[in-house]
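Could you build the full structure based on these sequences and the hints that come with them?
Chain by chain, the residues run as shown.
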Amino acid sequence: TQLLEQSPQFLSIQEGENLTVYCNSSSVFSSLQWYRQEPGEGPVLLVTVVTGGEVKKLKRLTFQFGDARKDSSLHITAAQPGDTGLYLCAVPNAGNNRKLIWGLGTSLAVNP
Amino acid sequence: DVKVTQSSRYLVKRTGEKVFLECVQDMDHENMFWYRQDPGLGLRLIYFSYDVKMKEKGDIPEGYSVSREKKERFSLILESASTNQTSMYLCASTVSGMRKTQYFGPGTRLLVL
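Chains as they are written, first to last, in my numbering: chain A, 1 to 112; chain B, 113 to 225.
Wrong hints could be hidden among the right ones.
Claimed, not checked - Mimicking DMTMM-like on lysine to aspartate or glutamate, the simulated pairs with C-alpha atoms at most 20 Å apart in a straight line are:
1. B/Lys212 x B/Glu168
2. B/Lys165 x B/Asp140
3. B/Lys165 x B/Glu181
4. B/Lys165 x B/Glu129
5. B/Lys125 x B/Glu174
6. B/Lys115 x A/Glu41
7. B/Lys115 x A/Glu38
8. B/Lys212 x A/Glu54
9. B/Lys115 x B/Asp140
Because the hints were derived from the structure by calculation, they are not lab data.
Structure, rendered in structure tokens:
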């Protein structure tokens, strides 16, 4: 059983479309991170959210942390081919906060 | 600029060979991690190290060992490679503390024949 459920697993859209991906859990977290992994590379941090209800924007990407700090969403406006990649969410491991617990990711393909 | 480098991008080895994967970070980070990434299974932690000569098992340590003799370098060792160790291996590092960014290397794609 995955602690973090990411949906959808795969998404293929046309350039210019909007999309939302989700990271859900039944557990409460002190913080949540979103990473993007481009093909052939390692993941790169996009954002860390900490406060319930928090919204952060990074250009065309909008991140929201749920009010109860159990879930998060990532919305992309007017997707571009450069947004293609694997979007991963991660939370601190409650037993050892040096470690992260990872979702399986949403694989996004944006077609020109 | 933050930098994590891995010794090889691609590696092909034969079953039974001893394999060394090296990772170097230039950020003076205390913590370093080795993950493997497989389709449908996500990122799985093999081992991590929180200081020189200190290590802890992750979720899937069987068949692997690690070495951290210097702060900047963390090595993953496959004592006797097997075909089920064919995977993408990712190294990461981070400073200690809450909500810290994990910085990843580009990965080593290992094929064991």
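Verification of the supplied hints:
Of the pairs offered as hints, the one joining B/Lys212 and B/Glu168 holds, with about 19 Å between alpha carbons and a cut-off of 20 Å not exceeded. As the CA atoms of B/Lys165 and B/Asp140 are separated by approximately 15 Å, the hinted pair is consistent with the 20 Å bound. Among the hinted pairs, B/Lys165 with B/Glu181 is consistent with the structure: their alpha-carbon atoms are about 6 Å apart, no more than 20 Å. Restraint check for B/Lys165 and B/Glu129: not satisfied, since their Cα atoms lie roughly 25 Å apart, outside the 20 Å limit.
Distance check on the hinted pair: B/Lys125 and B/Glu174 sit about 19 Å apart at the alpha-carbon level, within 20 Å; holds. Between the alpha carbons of B/Lys115 and A/Glu41 the distance comes to roughly 13 Å, so the proposed pair stays at or under 20 Å and holds. Simply put, B/Lys115 and A/Glu38 have alpha-carbon atoms about 17 Å apart, close enough for the 20 Å limit, and the pair holds. Straight-line distance between C-alpha atoms of B/Lys212 and A/Glu54 comes to about 18 Å, which keeps the hinted pair within the 20 Å bound.
Taking the CA atoms of B/Lys115 and B/Asp140, the gap is near 11 Å; set against the 20 Å cutoff, the hint holds.
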